[in-house]
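**Q** Sequence:
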Amino acid sequence: MSYESMQSSTHLGAGERSPPALESGAVAGVGRWPSAQRLLLCLFVLTDFLLNVDAGILPVFLYEFTLDPYRLSRSGQGLLGALSPLGFVISTTYSGVLLQRYPPKWILAGALSLACLAQVGMLASRTRAQLFGARVAYGLFYSNFFVFVPVWVDAHALDGRRGTWLSVMQAVGPLGIMAGFGVAGWGNRGPSAPRWSWRSLIGLQVAALLPLVLLLAAMPTAHFQVAVPSPSASLASADRSVDAEAAAGEASMNVSGFGASRWEGTPDTTRIGAGRPSPLATEARIAPASNGTPGTADDSGMHTPSPPSATGATAAAHSRLVWSGSGGSKRSERTPLLSGGNNVSFASAEGRIRRSLVARNRAERRSFLAQLRTIFSNPLYVCAVSTLTCLCFVAEGLRFWVASYRHDVFHDDFESIVLSFTLVSVTSPISGVFLGGLLTDAQGGYSGVRGLRNALRITAACGLCAAAAAWLCTAHRGTLSLLWFSALLWLVLFFGGAMFPPLTGIMLSSVDAEMRSVANSMSLLVTHLFGYFAAPFITGVLADLSGLEAGFDWMLRGMPAIAAVFTLGALIAAERRT
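459 is the number that this note's numbering gives to position 459 of the sequence shown; each next residue is one higher, with no gaps.
You may find that some hints are simply not true.
If you anchor each label on the Cβ, the simulated ranges turn out as follows [stated by the list, open to error]: (1) Gln130 <-> Met219: 45 to 55 angstroms; (2) Ser546 <-> Ala461: 29 to 39 angstroms; (3) Met219 <-> Arg126: 35 to 45 angstroms; (4) Leu210 <-> Asp441: 13 to 23 angstroms; (5) Leu204 <-> Gln130: 38 to 48 angstroms; (6) Ser521 <-> Arg576: 24 to 34 angstroms; (7) Ser447 <-> Ala129: 43 to 53 angstroms; (8) Ala550 <-> Arg128: 17 to 27 angstroms; (9) Leu369 <-> Trp106: 28 to 38 angstroms; (10) Thr93 <-> Leu215: 21 to 31 angstroms; (11) Arg576 <-> Thr127: 19 to 29 angstroms.
Hints in this document: simulated from the structure, not taken from any laboratory. Here a beta-carbon is modelled for each residue, glycine too, at the ideal position from N, C-alpha and C.
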């Protein structure tokens, strides 16, 4: 939903008093407790790192899940890797609401504690159902952390360091995965001579996480608060304001027979009875003149009405309230009247405001569906998101299956596999992303007709190179050495990483500015569901049907080719648009 038209906001951690730095108008990121912010950031970084470690541990020990008591097939192993992303996708439908309504510190502490409990349940599992249930639960619970932290970092990062802090948080997750992969593979010679079991490493992960959870719970609650838009904030704010003002007797609803209140002469930014703008002041703006003609002013100090809202749903309700007063008084800016000067009850005004806000929320829900239709009818956006999904599919499929593929099909040494893939994964995507951003900027970015074409040409060229390298990786079945395989895999991930910066910019710039938040949310949903979730599972199903070599070859050869096709489709769509 687009929240730009909302008049008020709610805090992540509703019901809690804002920290002094925020109440006094301090700019986010220049708070009064930078040392506490740095400490909290360090806790977030360490927690992010540890939450991702298990994603690197499990692929190294897939062979253990083929034994008692689980006896997983290839498709079962793939499902094991896919269930945590599935839980993450499910939880994103409600985690934001939880963080808006309740103190985020306790949501995070509780969710992370439950995530640790889910890992303990995985360690204690003795059946497939228990194992799979624990993986889904883990994804459900840890997602609250990943939903909240980027918002907190964006709001509290010190001036000039916001980009650095966000980059650190984005880099920590992949580093945690590869750290888990490297530690699990170090000294591990495969099924015949495992150095340690996956249970011992997951147990260490839980043991390292619990102290961080306790430290987060010990931090002051105020340090976690972040103001974010809420679709129901206007209505909730109106309810609270109306109740408070009615109880205090500080809101005058008719001008006839009332003297000046103690708020007369105060500036417009002061709310009646509180320190924030009243919803009456933010909602009741469309004022007909005393003769009933909207938009005209007379000597009574009537204000010219503001235009109707974008939804058009509140104009009728707004037009019933005016702001009127006597000469020399500032009550003209804050005392609502019915057109015509009739007295009105507070209850009737509250009802009109409530109906107005409910109508607005309904209109915005309809607007959200209309935005979805507009976004997904845009061929350029669809092609860009589809290409990103294919790239995520390849990256996740490689991470999960490469150790089993090289060990079972090529009979390579397990330690050598882990070492080579760790080096490839740490160096190639980062280098590719850096190069892709430089090339895009060197060609003038992705804005405008020329910039869009150049960015798409760069993306298409990188996509073709990645597809060619992927085809060479699987062309010599059973004979390609680990060294050459790693070199070609480095090129696949390098050119795939180079596609991310221009594709992300193209995806967002292809839609109108007011729809970009929705477009970005939908892209994350699609890439997680059809990329990170689908890659381990579908590859495992194909491995069961045709063998691991065939399933892995299809993933590594087919998906980059499909990504290249979607990139060419985006280039064609851009040419037609211009």
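**Q** Taking 29 to 39 angstroms as the stated bounds, is the beta-carbon spacing between Ser546 and Ala461 within them?
**A** holds, 32 angstroms
**Q** Can you let me know if the beta-carbon spacing of Gln130 and Met219 is within 45 to 55 angstroms?
**A** Given about 34 angstroms between the Cβ atoms, the range is violated.
**Q** Per the hint of 28 to 38 angstroms, is the separation of the Cβ atoms of Leu369 and Trp106 within bounds?
**A** Cβ of Leu369 to Cβ of Trp106: about 34 angstroms, so the range 28 to 38 angstroms holds.
**Q** Should the hint that Ser521 and Arg576 are 24 to 34 angstroms apart at their CB atoms be regarded as holding?
**A** holds, 27 angstroms
**Q** With respect to the beta-carbon atoms only, verify the hint that Ser447 and Ala129 lie 43 to 53 angstroms apart.
**A** holds, 51 angstroms
**Q** Quick check on a hinted range of 21 to 31 angstroms for Thr93 and Leu215, using CB atoms only.
**A** Because 29 angstroms falls inside the window, the suggested range holds.
**Q** Lying within 13 to 23 angstroms: is that true of the beta-carbon distance Leu210 to Asp441?
**A** Violated - the Cβ-Cβ distance for Leu210 and Asp441, about 44 angstroms, lies outside 13 to 23 angstroms.
**Q** Is it true that the C-beta distance of Met219 to Arg126 lies inside 35 to 45 angstroms, as the hint says?
**A** holds, 37 angstroms
**Q** I want to verify a distance hint. Is the separation of the beta carbons of Arg576 and Thr127 within 19 to 29 angstroms?
**A** violated, 54 angstroms
**Q** Within 17 to 27 angstroms: is that where the Cβ-Cβ distance between Ala550 and Arg128 falls?
**A** With a Cβ separation near 25 angstroms, Ala550 and Arg128 satisfy 17 to 27 angstroms, so the hint holds.
**Q** Given the range 38 to 48 angstroms, decide if the beta-carbon distance of Leu204 to Gln130 lies inside it.
**A** Taking Cβ atoms as reference, Leu204 and Gln130 lie about 21 angstroms apart, which means the hint is violated.
The structure does not agree with the numbered hints 1, 4, 5, 11 stated previously, though it agrees with the rest.
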